[in-house]
Amino acid sequence: MTSPILELRDVVTKVNRNTPEELTLLKGLNLTINEGDFVTVLGSNGAGKSTLFNTIAGNLSIDSGDILLRGKSIANESEERRTRFLSRVFQDPKLGTAPRMTVAENLLLAAKRGQGRHLVPRGLRKSLPHFKEITATMNNGLDHRLSTPTGNLSGGQRQALSFLMATLKRPDILLLDEHTAALDPKTSQELMKTTNDRITEEDLTCLMITHHLDDALKYGNRLIVIDNGQITFDVAGEEKKGLTQEKLYSFFSDLDG
Numbered sequence: 001m002t003s004p005i006l007e008l009r010d011v012v013t014k015v016n017r018n019t020p021e022e023l024t025l026l027k028g029l030n031l032t033i034n035e036g037d038f039v040t041v042l043g044s045n046g047a048g049k050s051t052l053f054n055t056i057a058g059n060l061s062i063d064s065g066d067i068l069l070r071g072k073s074i075a076n077e078s079e080e081r082r083t084r085f086l087s088r089v090f091q092d093p094k095l096g097t098a099p100r101m102t103v104a105e106n107l108l109l110a111a112k113r114g115q116g117r118h119l120v121p122r123g124l125r126k127s128l129p130h131f132k133e134i135t136a137t138m139n140n141g142l143d144h145r146l147s148t149p150t151g152n153l154s155g156g157q158r159q160a161l162s163f164l165m166a167t168l169k170r171p172d173i174l175l176l177d178e179h180t181a182a183l184d185p186k187t188s189q190e191l192m193k194t195t196n197d198r199i200t201e202e203d204l205t206c207l208m209i210t211h212h213l214d215d216a217l218k219y220g221n222r223l224i225v226i227d228n229g230q231i232t233f234d235v236a237g238e239e240k241k242g243l244t245q246e247k248l249y250s251f252f253s254d255l256d257g
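So that you can map any letter, position 84 of the sequence shown is 84 in full-length UniProt numbering, and since no number is skipped, the others follow by simple counting.
Hints were generated in silico from the structure; no laboratory data involved. Cβ coordinates follow ideal geometry from the N, Cα and C atoms, glycine included. Among these hints, one or two may not hold up.
What follows is a set of in silico ranges between Cβ atoms, one per label pair, in the way DEER data are often shown [said to hold, decoys possible]: (1) K169 - N221: 21 to 27 Å; (2) R170 - D214: 27 to 33 Å; (3) A181 - E246: 49 to 55 Å.
Required output: the full structure, derived from the provided sequences and hints.
Below is the structure:
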């Protein structure tokens with residue numbers, strides 16, 4: 001039986017607090033994520049998708065409500081402390097990696113996440129065979145560029161590295177924030193397939209924001225729609241498999257197909 005790993009209870013998140021520009025972005029949002037859920041997240045621009053991720057990751061503090069990890073509140077934990085159990089891949093390939101460090105050095109940093117900020121160079125050599133093995137699974141030549149500074153990689157290779165770094169130490173929660181959106185269609189689909197394979201094989205718990213309805217329908221066991229700071233549609237299992245793009249379009253009209 002699945003059990004909740006993450007719960008958002010009546011979460012309210014505001015920005016520009018106590019100013020004339022104050023905005024309430026999440027409006028009493030409730031969401032329960034079970035172990036092993038792969039949730040695709042849809043919503044029009046400004047609906048609250050990125051705010052949801054920023055709230056879960058600790059980039060934004062909540063104004064009321066609660067966030068629980070396995071039943072324990074994490075609402076007051078810092079963004080840094082949440083990296084112990086949470087990983088995130090952003091839309092921009094330049095985020096999430098250190099450009100002047102090599103591919104192998106970036107992977108070593110990811111391997112030592114939660115163990116302090118220092119890099120131990122002598123631990124790099126013995127890790128190289130493992131790093132070569134896991135980068136080869138991306139099927140994009142990354143395994144031949146372990147000594148290449150990350151800033152010299154292609155966008156697709158850099159994003160593949162970001163994904164590997166995010167999943168190297170199995171996170172409790174993986175957030176994919178439109179992680180294929182900045183790539184060309186072929187590279188995007190290759191990374192999306194690898195992403196799905198990794199999530200499925202390792203039974204990761206993942207939320208993935210996407211603007212592509214076909215990806216939202218094809219991948220994951222669950223789909224949610226966010227509108228005006230609340231979850232307005234939540235479907236899983238066989239019901240999700242029966243969804244069509246036309247059905248989704250009835251919830252909102254300005255997503256890219």
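Results for each hint:
1. Take K169 and N221: their Cβ atoms lie about 23 Å apart, and the range 21 to 27 Å holds.
2. Separation of R170 from D214 is about 28 Å and conforms to the stated range, judged on CB atoms against 27 to 33 Å.
3. Range check, A181 to E246: about 23 Å between beta-carbon atoms, so the 49 to 55 Å window is missed.
Hint compliance for this structure: hint 3 alone is broken.
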